[in-house]
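K.L.:
Just need the whole structure built from these sequences, with the hints factored in.
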Amino acid sequence: MDIKDIIQEKNIVYKRTDHLTDKALSFCPGCGHGTVHRLLMEVVEEMNIQSKTIGIAPVGCSVLAYEFMNVDMIQAAHGRAPALATGIKRLNPDKYVFTYQGDGDLAAIGTAETIHASNRGEKITIIFINNGIYGMTGGQMAPTTLIGMKASTCPYGRDAERMGNPLKITELVAQLPGTYFVTRQAVHTPNHVRKAKKAIRFAMENQNNGLCFVEIVSNCPSGWKMTPNQSNTWMAENMFPFYPLGDIKVPEKKVV
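With the working numbering applied, the sequence shown corresponds to residues 11 to 266, in that order.
Hint data in this document are derived by calculation from the structure and do not stem from the laboratory.
The list that follows gives simulated cross-link-like pairs (lysine-lysine, DSSO-like), each with its CA atoms no further than 30 Å apart:
#1 Lys205 / Lys25
#2 Lys235 / Lys205
#3 Lys33 / Lys62
#4 Lys208 / Lys178
#5 Lys62 / Lys205
#6 Lys235 / Lys33
#7 Lys33 / Lys208
#8 Lys259 / Lys208
#9 Lys105 / Lys205
#10 Lys25 / Lys208
#11 Lys259 / Lys205
#12 Lys207 / Lys105
#13 Lys207 / Lys178
#14 Lys62 / Lys105
P.N.:
What follows is the structure, encoded as C-alpha coordinates:
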(Lines of atoms letter the chains of each structure in order from A; the text may use other names.)
(Lines give C-alpha, C1' and ligand atoms only; values in the text may rest on other atoms or scores of the structure.)
Protein backbone atom coordinates (compact mmCIF):
# COMPACT_ATOMS: atom_id res chain seq x y z
CA MET A 11 0.00 0.00 0.00
CA ASP A 12 1.51 3.33 -1.06
CA ILE A 13 1.04 6.72 0.61
CA LYS A 14 -1.91 7.66 -1.65
CA ASP A 15 -3.78 4.52 -0.64
CA ILE A 16 -3.10 5.20 3.04
CA ILE A 17 -4.38 8.78 2.77
CA GLN A 18 -7.46 7.65 0.87
CA GLU A 19 -8.22 4.97 3.46
CA LYS A 20 -7.94 7.48 6.33
CA ASN A 21 -10.29 9.87 4.55
CA ILE A 22 -13.08 7.31 4.12
CA VAL A 23 -16.29 8.60 5.67
CA TYR A 24 -18.41 5.55 4.97
CA LYS A 25 -17.68 2.09 3.67
CA ARG A 26 -20.32 -0.49 2.87
CA THR A 27 -20.13 -3.47 5.19
CA ASP A 28 -19.40 -6.79 3.52
CA HIS A 29 -21.91 -8.35 5.92
CA LEU A 30 -24.51 -7.31 3.38
CA THR A 31 -24.68 -9.52 0.29
CA ASP A 32 -23.88 -8.19 -3.18
CA LYS A 33 -27.54 -8.42 -4.20
CA ALA A 34 -29.10 -5.03 -4.93
CA LEU A 35 -31.78 -4.03 -2.44
CA SER A 36 -35.25 -4.44 -3.95
CA PHE A 37 -37.19 -2.35 -1.45
CA CYS A 38 -39.24 0.61 -2.69
CA PRO A 39 -37.30 3.89 -3.01
CA GLY A 40 -37.28 5.77 0.29
CA CYS A 41 -38.22 2.76 2.42
CA GLY A 42 -36.46 2.42 5.77
CA HIS A 43 -35.85 -1.33 5.49
CA GLY A 44 -32.56 -0.95 3.61
CA THR A 45 -31.13 1.42 6.22
CA VAL A 46 -32.07 -0.92 9.07
CA HIS A 47 -30.51 -3.84 7.19
CA ARG A 48 -27.28 -1.88 6.93
CA LEU A 49 -27.27 -0.88 10.60
CA LEU A 50 -27.92 -4.41 11.77
CA MET A 51 -25.12 -5.84 9.66
CA GLU A 52 -22.73 -3.05 10.67
CA VAL A 53 -23.38 -3.97 14.30
CA VAL A 54 -22.71 -7.64 13.56
CA GLU A 55 -19.47 -6.68 11.83
CA GLU A 56 -18.32 -4.37 14.63
CA MET A 57 -19.09 -7.02 17.25
CA ASN A 58 -17.24 -9.61 15.11
CA ILE A 59 -20.09 -12.11 15.48
CA GLN A 60 -20.94 -12.97 11.86
CA SER A 61 -20.34 -16.69 12.36
CA LYS A 62 -22.33 -16.65 15.62
CA THR A 63 -25.39 -14.75 14.35
CA ILE A 64 -28.68 -16.32 13.27
CA GLY A 65 -31.53 -14.23 11.89
CA ILE A 66 -35.18 -15.18 11.42
CA ALA A 67 -37.34 -13.42 8.84
CA PRO A 68 -41.03 -14.32 8.44
CA VAL A 69 -43.57 -13.10 5.87
CA GLY A 70 -44.02 -9.59 4.44
CA CYS A 71 -41.36 -7.12 3.29
CA SER A 72 -39.12 -8.49 6.05
CA VAL A 73 -38.95 -11.87 4.33
CA LEU A 74 -36.45 -10.42 1.86
CA ALA A 75 -33.87 -10.05 4.64
CA TYR A 76 -32.29 -13.41 3.90
CA GLU A 77 -31.33 -12.17 0.44
CA PHE A 78 -29.42 -9.18 1.77
CA MET A 79 -27.97 -10.10 5.18
CA ASN A 80 -24.77 -12.12 4.96
CA VAL A 81 -25.39 -14.21 8.08
CA ASP A 82 -27.23 -17.47 8.68
CA MET A 83 -30.90 -16.73 7.98
CA ILE A 84 -34.02 -18.86 8.44
CA GLN A 85 -37.52 -18.10 7.16
CA ALA A 86 -40.42 -18.53 9.57
CA ALA A 87 -44.12 -18.91 8.94
CA HIS A 88 -46.11 -15.69 9.16
CA GLY A 89 -45.89 -14.32 12.71
CA ARG A 90 -43.94 -17.24 14.14
CA ALA A 91 -40.43 -15.76 14.18
CA PRO A 92 -40.24 -15.35 18.00
CA ALA A 93 -41.26 -19.00 18.47
CA LEU A 94 -38.63 -20.18 16.00
CA ALA A 95 -36.03 -17.87 17.54
CA THR A 96 -36.86 -19.30 20.97
CA GLY A 97 -36.05 -22.84 19.84
CA ILE A 98 -32.87 -21.79 18.05
CA LYS A 99 -31.55 -19.80 21.01
CA ARG A 100 -32.35 -22.49 23.56
CA LEU A 101 -30.52 -25.06 21.46
CA ASN A 102 -27.64 -22.66 20.70
CA PRO A 103 -27.27 -20.39 23.74
CA ASP A 104 -23.90 -19.13 22.52
CA LYS A 105 -25.42 -17.66 19.33
CA TYR A 106 -26.76 -14.17 18.74
CA VAL A 107 -30.33 -14.65 17.57
CA PHE A 108 -32.56 -11.92 16.13
CA THR A 109 -35.92 -11.71 14.42
CA TYR A 110 -36.70 -9.11 11.76
CA GLN A 111 -40.43 -8.43 11.54
CA GLY A 112 -43.00 -5.97 10.23
CA ASP A 113 -46.06 -4.66 12.04
CA GLY A 114 -48.60 -6.89 10.31
CA ASP A 115 -46.47 -9.93 11.09
CA LEU A 116 -45.47 -9.07 14.65
CA ALA A 117 -48.53 -7.22 15.92
CA ALA A 118 -51.31 -9.12 14.11
CA ILE A 119 -50.89 -12.81 13.27
CA GLY A 120 -47.83 -13.01 15.52
CA THR A 121 -49.23 -11.22 18.58
CA ALA A 122 -49.26 -14.35 20.73
CA GLU A 123 -45.69 -15.33 19.84
CA THR A 124 -44.47 -11.78 20.50
CA ILE A 125 -46.21 -11.44 23.86
CA HIS A 126 -45.30 -14.84 25.23
CA ALA A 127 -41.66 -14.75 24.10
CA SER A 128 -41.38 -11.32 25.74
CA ASN A 129 -43.09 -12.50 28.90
CA ARG A 130 -40.81 -15.54 29.18
CA GLY A 131 -37.76 -13.36 28.69
CA GLU A 132 -36.37 -15.36 25.79
CA LYS A 133 -32.77 -14.34 25.17
CA ILE A 134 -33.28 -12.95 21.69
CA THR A 135 -33.42 -9.57 19.95
CA ILE A 136 -36.55 -8.52 18.06
CA ILE A 137 -36.23 -5.87 15.35
CA PHE A 138 -39.72 -4.50 14.66
CA ILE A 139 -40.38 -2.32 11.59
CA ASN A 140 -43.55 -0.26 12.10
CA ASN A 141 -44.78 1.55 9.00
CA GLY A 142 -48.44 1.46 9.95
CA ILE A 143 -49.58 -0.61 6.98
CA TYR A 144 -49.26 -3.95 5.21
CA GLY A 145 -46.57 -2.91 2.75
CA MET A 146 -46.07 -6.04 0.64
CA THR A 147 -49.60 -7.37 0.22
CA GLY A 148 -51.50 -4.34 -1.05
CA GLY A 149 -51.52 -1.63 1.60
CA GLN A 150 -54.18 -3.04 3.93
CA MET A 151 -54.86 -1.62 7.39
CA ALA A 152 -52.48 -3.00 10.03
CA PRO A 153 -52.82 -3.10 13.82
CA THR A 154 -50.58 -0.03 13.90
CA THR A 155 -52.52 2.04 11.33
CA LEU A 156 -53.38 5.42 12.85
CA ILE A 157 -56.91 6.73 13.39
CA GLY A 158 -57.98 8.47 10.20
CA MET A 159 -55.12 6.95 8.21
CA LYS A 160 -56.24 5.58 4.85
CA ALA A 161 -55.45 2.07 3.61
CA SER A 162 -56.86 -0.23 0.94
CA THR A 163 -59.17 -1.87 3.52
CA CYS A 164 -60.16 1.45 5.12
CA PRO A 165 -60.22 3.88 2.18
CA TYR A 166 -61.97 6.56 4.23
CA GLY A 167 -59.53 6.26 7.13
CA ARG A 168 -59.37 4.04 10.20
CA ASP A 169 -62.36 4.49 12.47
CA ALA A 170 -61.86 3.52 16.10
CA GLU A 171 -65.50 2.56 16.72
CA ARG A 172 -65.63 0.06 13.87
CA MET A 173 -61.97 -0.95 13.52
CA GLY A 174 -60.50 -0.50 16.96
CA ASN A 175 -57.58 1.65 18.04
CA PRO A 176 -53.96 1.34 16.87
CA LEU A 177 -51.96 -1.13 18.93
CA LYS A 178 -48.93 0.19 20.78
CA ILE A 179 -47.37 -3.23 21.11
CA THR A 180 -43.96 -1.85 22.07
CA GLU A 181 -45.39 -0.22 25.21
CA LEU A 182 -47.23 -3.48 25.84
CA VAL A 183 -44.12 -5.68 25.81
CA ALA A 184 -42.24 -3.13 27.90
CA GLN A 185 -44.55 -3.92 30.81
CA LEU A 186 -43.68 -7.61 30.77
CA PRO A 187 -41.08 -8.87 33.26
CA GLY A 188 -39.07 -10.79 30.66
CA THR A 189 -38.09 -7.80 28.55
CA TYR A 190 -34.71 -6.27 29.34
CA PHE A 191 -34.47 -3.40 26.87
CA VAL A 192 -37.32 -1.87 24.86
CA THR A 193 -36.88 1.14 22.61
CA ARG A 194 -38.47 2.97 19.68
CA GLN A 195 -36.28 4.64 17.05
CA ALA A 196 -36.38 5.89 13.45
CA VAL A 197 -33.96 6.08 10.50
CA HIS A 198 -35.18 9.05 8.43
CA THR A 199 -32.34 11.44 9.32
CA PRO A 200 -28.60 10.94 9.99
CA ASN A 201 -29.05 11.73 13.68
CA HIS A 202 -31.85 9.21 14.04
CA VAL A 203 -29.80 6.63 12.14
CA ARG A 204 -26.99 6.99 14.67
CA LYS A 205 -29.40 6.61 17.59
CA ALA A 206 -31.01 3.57 15.99
CA LYS A 207 -27.64 1.92 15.50
CA LYS A 208 -26.72 2.45 19.16
CA ALA A 209 -30.03 0.89 20.17
CA ILE A 210 -29.54 -2.12 17.89
CA ARG A 211 -26.03 -2.69 19.18
CA PHE A 212 -27.14 -2.47 22.81
CA ALA A 213 -29.94 -4.91 22.08
CA MET A 214 -27.58 -7.42 20.45
CA GLU A 215 -24.98 -7.09 23.18
CA ASN A 216 -27.49 -7.57 25.99
CA GLN A 217 -29.91 -10.17 24.69
CA ASN A 218 -28.63 -12.75 27.15
CA ASN A 219 -30.02 -10.59 29.96
CA GLY A 220 -33.55 -10.88 28.61
CA LEU A 221 -35.53 -10.16 25.48
CA CYS A 222 -34.44 -6.94 23.76
CA PHE A 223 -37.01 -5.21 21.56
CA VAL A 224 -36.18 -2.48 19.04
CA GLU A 225 -39.03 -0.82 17.18
CA ILE A 226 -38.16 1.28 14.14
CA VAL A 227 -40.92 3.65 13.03
CA SER A 228 -40.53 3.77 9.26
CA ASN A 229 -42.25 5.20 6.24
CA CYS A 230 -43.91 3.29 3.41
CA PRO A 231 -43.98 5.61 0.39
CA SER A 232 -45.71 3.04 -1.84
CA GLY A 233 -48.34 2.03 0.71
CA TRP A 234 -48.96 5.61 1.78
CA LYS A 235 -49.11 6.81 -1.86
CA MET A 236 -46.48 9.49 -1.28
CA THR A 237 -43.02 10.42 -2.45
CA PRO A 238 -40.19 9.50 -0.06
CA ASN A 239 -39.82 13.10 1.11
CA GLN A 240 -43.56 13.50 1.60
CA SER A 241 -43.73 10.25 3.56
CA ASN A 242 -40.90 11.30 5.88
CA THR A 243 -42.65 14.59 6.60
CA TRP A 244 -45.98 12.83 7.16
CA MET A 245 -44.31 10.30 9.44
CA ALA A 246 -42.75 13.00 11.61
CA GLU A 247 -46.00 14.96 11.82
CA ASN A 248 -48.37 12.03 12.37
CA MET A 249 -46.59 8.83 13.41
CA PHE A 250 -44.19 10.24 15.98
CA PRO A 251 -46.84 11.97 18.14
CA PHE A 252 -48.62 8.62 18.54
CA TYR A 253 -45.47 6.48 18.53
CA PRO A 254 -42.97 8.73 20.37
CA LEU A 255 -39.30 7.93 19.86
CA GLY A 256 -36.91 7.01 22.65
CA ASP A 257 -36.16 4.30 25.19
CA ILE A 258 -39.24 2.85 26.88
CA LYS A 259 -37.64 0.30 29.18
CA VAL A 260 -33.97 0.35 30.09
CA PRO A 261 -31.91 -1.52 32.67
CA GLU A 262 -30.90 0.59 35.65
CA LYS A 263 -27.23 0.50 34.71
CA LYS A 264 -27.67 1.15 30.98
CA VAL A 265 -24.73 3.04 29.50
CA VAL A 266 -25.78 5.14 26.49
